[in-house]
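Novice: Respectively, the protein sequence lines represent chains R and A.
Just so you know, our numbering puts 166 at position 166 of the first sequence, and the rest follows in order with no gaps.
For our numbering, count along the second sequence from 1 and bump the result up by 1000.
What the hints contain is simulated information worked out from the structure, not anything from laboratory work.
Every residue, glycine too, gets a C-beta built ideally from N, C-alpha and C.
Hints may be right or wrong, so weigh each one.
As the list claims (entries may be wrong) - DSS-like cross-link-like pairs, simulated, lysine-lysine; straight-line CA separation at most 25 Å: (1) A/Lys1041 to A/Lys1067; (2) R/Lys29 to A/Lys1045; (3) A/Lys1079 to A/Lys1045; (4) A/Lys1009 to R/Lys73; (5) A/Lys1009 to R/Lys207; (6) A/Lys1025 to A/Lys1067; (7) R/Lys71 to A/Lys1063; (8) A/Lys1079 to A/Lys1009; (9) A/Lys1079 to R/Lys71; (10) A/Lys1045 to R/Lys71; (11) A/Lys1025 to A/Lys1066.
Claimed, not checked - Okay, the calculated beta carbon distance ranges per label pair: (12) R/Ile4 to A/Lys1041: 41 to 47 Å; (13) R/Asn104 to A/Glu1026: 40 to 46 Å; (14) R/Gly27 to A/Lys1041: 28 to 34 Å; (15) R/Glu6 to A/Glu1031: 24 to 30 Å; (16) R/Ile42 to A/Pro1069: 28 to 34 Å.
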Amino acid sequence: MSIILEMDGNYPDISSGVVSFENARTGTKLTIELPKDLLSGIYGLRSITMDTGAAVTILPEYLAQRLDIRKPKNNHQMYYIFGGVGGMSVCYHSPDAVIVRIGNRMEQLEKSILPFFLTCYAPSITSEGRVLVREEYQPHNSEILRFISPPFKHYDDYTVEVCSPNEIFSPENRRLKLEVDVGREIDYILIGRDWQAGFKCTFEAQKIILTNHSDSKDDNEIEIT
Amino acid sequence: MNLLEEFPKEIRPEELGEFLEVIEKEFSAAEFPELFVHYQKNNNKIVILAVGSSNECAEQIVKIFKKHPTLRAQSGISKMIRAPKKKFLLRRTVLCR
């Protein structure tokens, strides 16, 4: 089964269809109808991006609240820090699995993920330092401090080209797409960063096509047309 | 090890450390460059729900919840054993006690 969604502009931002999230434990659901709910601003989101080039899914923390996902308790809480060309992100790993469903008006596909939830974002080396010295992010021991000083190293592994809709997207040539309206809501919600194993993704100029692997001849194939 | 057949698995809280060590050894870095353990904890026992990549853990958890609905009552705990730094984890930190 395949679904076809429209995408917008130079990056595969999904601009049509419905994206829904369900807390697999509690059953709490959140449905975002595109583009209506993005334009309305009720979720503080401006864009939903389908990205198959990186390894994890990062969602805004307030989505955790809406999905009834509680932040891990203090004695279990651990922050993971991601850095890249887009800045530094402090996240925690979801204690509950989330079922993500993406659909057009005809069909929908689903995938279960354990996303990371973004608690804090620093767009620069200077602001990163200010974030990491906060008490809540201090580690048990001094081991981590070696990472903090020298403070920041760019990891460009996911970088860098952003192509026009008519150019070829190379799966290895994507960037860490995390753009944040600093201090406010996140501008983008990222889905699909760890979906390579679940779906075959086909990008055609202004469309993104997701196909269940059971329908695909080659599980590892990502077609670019 | 067939993960879906092995889990959920109950162990005593004091056995968790040893269990994690075994998992780290049995699940080699070559085969499992990203490795999480997802479990639930209450006063008397630890219930291991899933082992594998973050994504694999999610799939396992959903399947286990369908098979054992009573396990939904408790929120889970994720512990990262390892991750490939190049694509995933750069640093991690934990709260002061």
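Novice: So, for every hint listed, does it hold in this structure?
Specialist: Against the structure, the hints:
{"no.": "1", "hint": "A/Lys1041 to A/Lys1067", "result": "holds (19 Å)"}
{"no.": "2", "hint": "R/Lys29 to A/Lys1045", "result": "violated (30 Å)"}
{"no.": "3", "hint": "A/Lys1079 to A/Lys1045", "result": "holds (17 Å)"}
{"no.": "4", "hint": "A/Lys1009 to R/Lys73", "result": "holds (22 Å)"}
{"no.": "5", "hint": "A/Lys1009 to R/Lys207", "result": "violated (44 Å)"}
{"no.": "6", "hint": "A/Lys1025 to A/Lys1067", "result": "violated (28 Å)"}
{"no.": "7", "hint": "R/Lys71 to A/Lys1063", "result": "holds (23 Å)"}
{"no.": "8", "hint": "A/Lys1079 to A/Lys1009", "result": "holds (16 Å)"}
{"no.": "9", "hint": "A/Lys1079 to R/Lys71", "result": "holds (14 Å)"}
{"no.": "10", "hint": "A/Lys1045 to R/Lys71", "result": "holds (21 Å)"}
{"no.": "11", "hint": "A/Lys1025 to A/Lys1066", "result": "violated (30 Å)"}
{"no.": "12", "hint": "R/Ile4 to A/Lys1041: 41 to 47 Å", "result": "holds (43 Å)"}
{"no.": "13", "hint": "R/Asn104 to A/Glu1026: 40 to 46 Å", "result": "holds (42 Å)"}
{"no.": "14", "hint": "R/Gly27 to A/Lys1041: 28 to 34 Å", "result": "violated (22 Å)"}
{"no.": "15", "hint": "R/Glu6 to A/Glu1031: 24 to 30 Å", "result": "violated (39 Å)"}
{"no.": "16", "hint": "R/Ile42 to A/Pro1069: 28 to 34 Å", "result": "holds (32 Å)"}
The structure does not agree with the numbered hints 2, 5, 6, 11, 14 and 15 stated previously, though it agrees with the rest.
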